[in-house]
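Novice: If you're matching them up, the sequences are chains A and B in order.
Each residue of the first sequence is one higher than the one before, starting from 1 at the first, in my numbering.
Each residue of the second sequence is one higher than the one before, starting from 1 at the first, in my numbering.
These are calculated hints, taken from the structure and not from any lab test.
The reader is advised that the hints may include incorrect statements.
Said to hold, decoys possible - Just a sample of chain B residues kept apart from chain A, beta carbon distances all over 10 angstroms, derived:
1. Arg150
2. Ser190
3. Lys319
4. Arg375
5. Thr448
Unchecked claim - Heads up, incomplete: computed chain A residues facing chain B, CB under 8 angstroms, no partners named:
6. Leu3
7. Arg34
8. Val48
9. Arg50
10. Phe60
11. Gly137
12. Gly281
13. Ala309
14. Ile321
15. Tyr325
16. Gly391
17. Glu427
As the list claims (entries may be wrong) - With a straight-line Cα cutoff of 20 angstroms, these simulated EDC-like cross-link-like pairs (lysine to aspartate or glutamate) come out:
18. Lys56/B / Glu112/A
19. Lys367/A / Glu436/A
20. Lys365/A / Glu344/A
21. Lys290/A / Asp257/A
22. Lys27/A / Asp366/B
23. Lys166/B / Asp313/A
24. Lys16/A / Glu349/B
25. Lys31/A / Asp218/B
26. Lys61/B / Asp116/A
27. Lys348/B / Asp29/A
28. Lys79/A / Glu53/B
29. Lys153/A / Asp226/A
30. Lys299/B / Glu475/A
31. Lys153/B / Asp169/B
32. Lys386/A / Glu123/A
33. Lys101/A / Asp44/B
34. Lys302/A / Glu123/A
35. Lys79/A / Glu48/B
36. Lys280/B / Asp218/B
37. Lys79/A / Asp50/B
38. Lys367/B / Glu386/B
39. Lys153/A / Glu292/A
40. Lys31/A / Asp417/B
Because the structure is a prediction, the values reported are computed rather than measured.
Note that the Cβ used here is the ideal one computed from N, Cα and C, for glycine as well.
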Amino acid sequence: MSLVFEKSVDQRRGYKNPALDVPAAGKIDAKYLRSEDCPFPEMSELDVVRHYTQLSKLNFSIDTHFYPLGSCTMKYNPKFCEASARVPGFANLHPLLPQLKDGERLTQGALEVLYDLEQWMCEMTGMASFTMQPLAGAHGELTGVMMMAAYHKAKGNKKRYIIVPDSAHGTNPATARIAGYDTISIPSDENGVMDFEVLKSKINDEVAGLMLTCPNTHGLFNSDIDKIAQMIHDVDGIMYYDGANLNAILGRCRPGDIGFDVMHINTHKTFTTPHGGGGPGAGPVGVNKKLEPFLPVSRVVKKSDGTFALDYDYEDSIGYIASFYGNFALLLRAYAYILLLGEEGLRAVSDHAVLNANYIKACLKDKFHLPFDRLCMHEVVFSAKKQAERGVHAVDIAKYLIDQGIHPPTVYFPLTVKESVMVEPTETESRTTLDEFIECMLQADLESQENPGMFHGLPKTTPISRPDEVKAARELNTNYFTQ
Amino acid sequence: MIPYISNTDADIQHMLNTIGVKSIDDLFADIKPQHYPQSFNLPDGRSEYDVLEHIKHLARKNSVDLVSFLGGGYYDHYVPSAVDAMISRGEFYTAYTPYQPEVAQGTLQALYEFQSSICALTGMEVSNASLYDGGTALYEAAMMSIRITRRNKIVMDGGVSPIYRKIIDTYTKNLNYKFVETQVVHGQSSRDEIFKHLDKDTSAIILQNPNFFGAIDDHSDIVARAHELGILVIQSVYPVALGILKTPGSMDVDIVTGEGQCLGLPLNFGGPYLGFMATKKKYIRKMPGRIVGQTVDQKGQRCFVNTLQAREQHIRRDKATSNICTNVSLCALQAQIYMALVGRQGFKELAMTNLHKAEYARQSLDKIDGVKVMRSSPTFNEFTVELPVDASTIMDRMIERGFAAGFPLGRYYGGMDNYMIVAVTEKRTRQDIDNYCAALKDVLTGLTAEVTT
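All chains should be built: construct the whole structure from the sequences, respecting the hints.
Specialist: Take a look at the structure:
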């Protein structure tokens, strides 16, 4: 499809600026001015609307397709949450208003949302306090690990290492490294959880902490979690809970009760805020009493008269980690979602996410190898190794599913399983949809036996065929104007 | 009915039978009794109507009817209706990161267009597909300069947003890098002050144009000096001003970042916003965040993919350029649609309208007894005003009269209690500005009367 710049026609206009009702008296010396106009396209509103409508149709999305992308939690995003975030009294609110003298009185509604959300998140996770500021899950991780470092510094601890299982998301080791720690990677055992004996052998006084997703990226809950926490705490290490999979255990288990000291929540996974084609996200971070003094500022407090305020006065705080109070419009969607679902609905989120994943596992395990044949939580990891022996790899199955109108599961992650196919159906999908998916997967297996050559050159129904990624990297073209 | 769950009782029974367990509880057997929650008391679920009414009720506790002259890096620009209509398409907002390019060309092409627009705006060669917001983008630029130069001291001009300064201060302190902030003189970047701090340990000097006080500058001389010492220059910019202002590219700046909220995003009480970053082609492999590149498919037709992924955490893990996973794709799309709608001519007019309205406000304020408009530098749509008393006091009284009068500088700068910055966007009419000046005059007269009685 043509680029927006290629559709430009001189003097065509798509938007009328407010009138200039004052004298054109503003002047700036030419040495401060750009030499040429900014070459944005010139289009009518209809041109622009049609261009982006057509582009949108080239996407798979939750609204249009089943999207069982493991580890990403592609659940339905209620239209109601979108409407909530667009209420003008919030959407048009300037973030500097509460920073005026006594300015908090001008934003009481917004502060109440942040305050209530913090209370609910604490109750859901067993943490003592939350900051809403981190702008994404990985940003939350960095915030959490900086608090971990501040804790050790305050206690005079000499720490060098953060332990991360080999099944972890890439953000965990990347975050640990950016925060100045070396990482120790722990292999998974035959049951798909962190190898307990290896872990034990790696723990020493220089261990700053451990970062863990629980259930992990194999979709498995580690039943030894309390013992692990004990070992880490014995060397004054900090337990970091990567909340990427919190959506599996709502109402069943709380990180704060099983030994975790700090955690983040990905609001798009636990609740439902749209993925947006890759963000924006929100990654609130919770801490127990041990790390509370180090929380970023500002913090939202409730005063004795029942009004809300921003408090910056915390001596040990790590400081500002974001410009304002978090990605507010996303937090507001989470707030609306929690109020709508309530306690019963939130418990049902995890119950049905886990039920759906186990159902898929049960229906496909005869044909697709299960590296860990046990009950799973909200997602299940298969290996396409049997199919790969026939020349049909995980990526081929992914492309086959695309032609069936299904977004592929995550393939080749986690790195611990060869030919991995990671399926996360989420709670919002019905049995009808799951059955259709199962049928497609079984058909893919059958084709791999009878007609493996068929997978060559898939997908066939998409706007483009497989792109040349090597060319993209070698002959870099990332900007229309200098190609 | 539990919202958004569609398994019926019969479905549940069928699924449990297939799995071979008796109840959903059985599926959670790996969670031992000692792991059970100590508490899980949350509010009861409510109806959609009920929750929406509650949210509207809370919204009424916010003051959004103030006529706003408040900026400070976040501006009350008009957002054309088509922007929200387009990003409300489920195909865009309910898709995820384009890991499967065959079914994500919509997102990928829009991001390529966005990168191109950011390059056009800034005069730079390459851009990434967005970062969280302007403040964290600036921090990422600082880290990027450290990776390129292998030096560990960051120098920041005092005219850079104090909000950004606080963020950089947090990360450099906690991640053990040196950070120096230089003094501004009369609201302008002081060359003497900056040059004093540039040395062989310095990885980058961070500048902002227009700066927090509203001053416009040409940083070419600072860039030349920095480059002599092997120091990179990072400039934080305000996109709407670049409709007319000299581009960082033409000043030979190395890394450009900025806050894209002004490009079609609502103020949203602080987020989500749009961080962007552009640089020279030679530094592209050191740049954090996703980058979309053009290529061809097997049939030779043009298409787009995420490229240079070997920089990223999901491939490189602990050796990645940044821990960033997500960006703000939807906000980038929002800005791209805005830039396409406003267009080449419209964008220049928008910038000129902002400039002229601010000039009108500047001249009108200058005529008020006791108000002194700072004129040591040219400005765009925001400028500094000195008042005879504490600016916070004035702000307070202006709010009673329905105006968010500006932002008091005393909040972040010692000794500047009597100063405020005033922003004027295209949304402010001549009448708004006249009313504002009349109200301010009234407030000042009232205060004088209080002092004399």
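Novice: If a hint holds in the structure, say so; if it does not, say that too.
Specialist: Evaluated hints:
Arg150/B, annotated as away from the interface, keeps every beta carbon of chain A farther than 10 angstroms; the closest lies near 16 angstroms. With a closest Cβ-Cβ approach of about 18 angstroms to chain A, Ser190/B is found to remain outside the 10 angstroms limit, as its non-interface label requires. Distance check for Lys319/B against chain A: the nearest CB is about 7 angstroms away, which does not clear 10 angstroms, and the non-interface claim fails. With 10 angstroms as the threshold on Cβ separation, the claim that Arg375/B sits away from chain A holds: the shortest Cβ distance comes to roughly 12 angstroms.
Under the 10 angstroms C-beta cut-off, the non-interface status given to Thr448/B relative to chain A holds; the minimum distance is some 20 angstroms. Taking 8 angstroms as the C-beta contact cut-off toward chain B, the hint placing Leu3/A at the interface holds, the least distance being around 6 angstroms. A hinted interface residue such as Arg34/A counts as satisfied when its beta carbon comes closer than 8 angstroms to some beta carbon of chain B; here the least separation is about 5 angstroms, so the hint holds. Satisfaction of the interface hint for Val48/A is found here, the shortest Cβ-Cβ separation to chain B being roughly 5 angstroms, below the 8 angstroms cut-off.
Hint status for Arg50/A: violated, given a least beta-carbon distance of 10 angstroms to chain B, over 8 angstroms. Hint status for Phe60/A: holds, given a least beta-carbon distance of 4 angstroms to chain B, under 8 angstroms. A cut of 8 angstroms between beta carbons decides the hint on Gly137/A: the least distance to chain B is about 7 angstroms, and the hint holds. About 5 angstroms separates the beta-carbon of Gly281/A from the nearest beta-carbon of chain B, less than 8 angstroms, and the hint is met.
At about 14 angstroms, the closest approach between the beta carbon of Ala309/A and any beta carbon in chain B exceeds 8 angstroms, and the interface hint on this residue is violated. Below 8 angstroms, beta-carbon pairs count as interface contacts, and Ile321/A has one with chain B at about 6 angstroms; its hint therefore holds. A least Cβ separation of about 5 angstroms between Tyr325/A and chain B falls short of the 8 angstroms threshold, and the interface hint therefore holds. Interface restraint check: Gly391/A against chain B, minimum CB-CB distance 19 angstroms, threshold 8 angstroms, status violated.
Contact between Glu427/A and chain B, as hinted, is supported at the beta carbon level, the nearest pair being about 6 angstroms apart and thus within 8 angstroms. Under the criterion of a C-alpha separation no larger than 20 angstroms, the hint pairing Lys56/B with Glu112/A is consistent with the structure, at around 13 angstroms. With a C-alpha separation of about 16 angstroms, the suggested pairing of Lys367/A with Glu436/A holds against the 20 angstroms cut-off. Restraint check for Lys365/A and Glu344/A: the C-alpha separation of about 31 angstroms exceeds 20 angstroms, so the hint is violated.
With a C-alpha separation of about 14 angstroms, the suggested pairing of Lys290/A with Asp257/A holds against the 20 angstroms cut-off. With a CA separation close to 17 angstroms, the supplied pair Lys27/A and Asp366/B stays within the 20 angstroms bound. Taking the CA atoms of Lys166/B and Asp313/A, the gap is near 14 angstroms; set against the 20 angstroms cutoff, the hint holds. A distance of roughly 10 angstroms separates the Cα atoms of Lys16/A and Glu349/B; the hinted pair therefore holds under the 20 angstroms criterion.
For the suggested pair Lys31/A and Asp218/B, the alpha carbons sit about 8 angstroms apart, so the restraint of at most 20 angstroms is met. For the given pair, Lys61/B sits about 15 angstroms from Asp116/A by alpha-carbon distance, which is consistent with the 20 angstroms threshold. In summary, the hint linking Lys348/B to Asp29/A is supported, as the alpha carbons are separated by about 16 angstroms, within the 20 angstroms threshold. Note on Lys79/A and Glu53/B: the hinted pairing holds, with a Cα-Cα distance of about 16 angstroms set against a maximum of 20 angstroms.
Distance hint between Lys153/A and Asp226/A is unfulfilled; the C-alpha atoms sit about 26 angstroms from each other, more than 20 angstroms. Using a Cα cut-off of 20 angstroms, the hinted pair Lys299/B and Glu475/A holds, with the two alpha carbons roughly 18 angstroms apart. Of the supplied pair hints, the one linking Lys153/B and Asp169/B holds, its CA atoms being roughly 12 angstroms apart against a limit of 20 angstroms. Under the criterion of a C-alpha separation no larger than 20 angstroms, the hint pairing Lys386/A with Glu123/A is inconsistent with the structure, at around 45 angstroms.
As the CA atoms of Lys101/A and Asp44/B are separated by approximately 37 angstroms, the hinted pair breaks the 20 angstroms bound. Of the supplied pair hints, the one linking Lys302/A and Glu123/A holds, its CA atoms being roughly 17 angstroms apart against a limit of 20 angstroms. A distance of roughly 10 angstroms separates the Cα atoms of Lys79/A and Glu48/B; the hinted pair therefore holds under the 20 angstroms criterion. Note on Lys280/B and Asp218/B: the hinted pairing holds, with a Cα-Cα distance of about 19 angstroms set against a maximum of 20 angstroms.
This hinted pair checks out: Lys79/A and Asp50/B have alpha carbons roughly 15 angstroms apart, not beyond 20 angstroms. Distance restraint check for Lys367/B and Glu386/B: the Cα-Cα separation of roughly 13 angstroms lies within the 20 angstroms cut-off, and the hinted pair is therefore satisfied. The straight-line distance between the Cα atoms of Lys153/A and Glu292/A is roughly 15 angstroms, inside the 20 angstroms bound, and the hint therefore holds. Between Lys31/A and Asp417/B, the direct Cα distance comes to roughly 33 angstroms. Violation of the 20 angstroms bound is thereby established for this hinted pair.
In summary, the numbered hints that this structure violates are 3, 9, 13, 16, 20, 29, 32, 33, 40.
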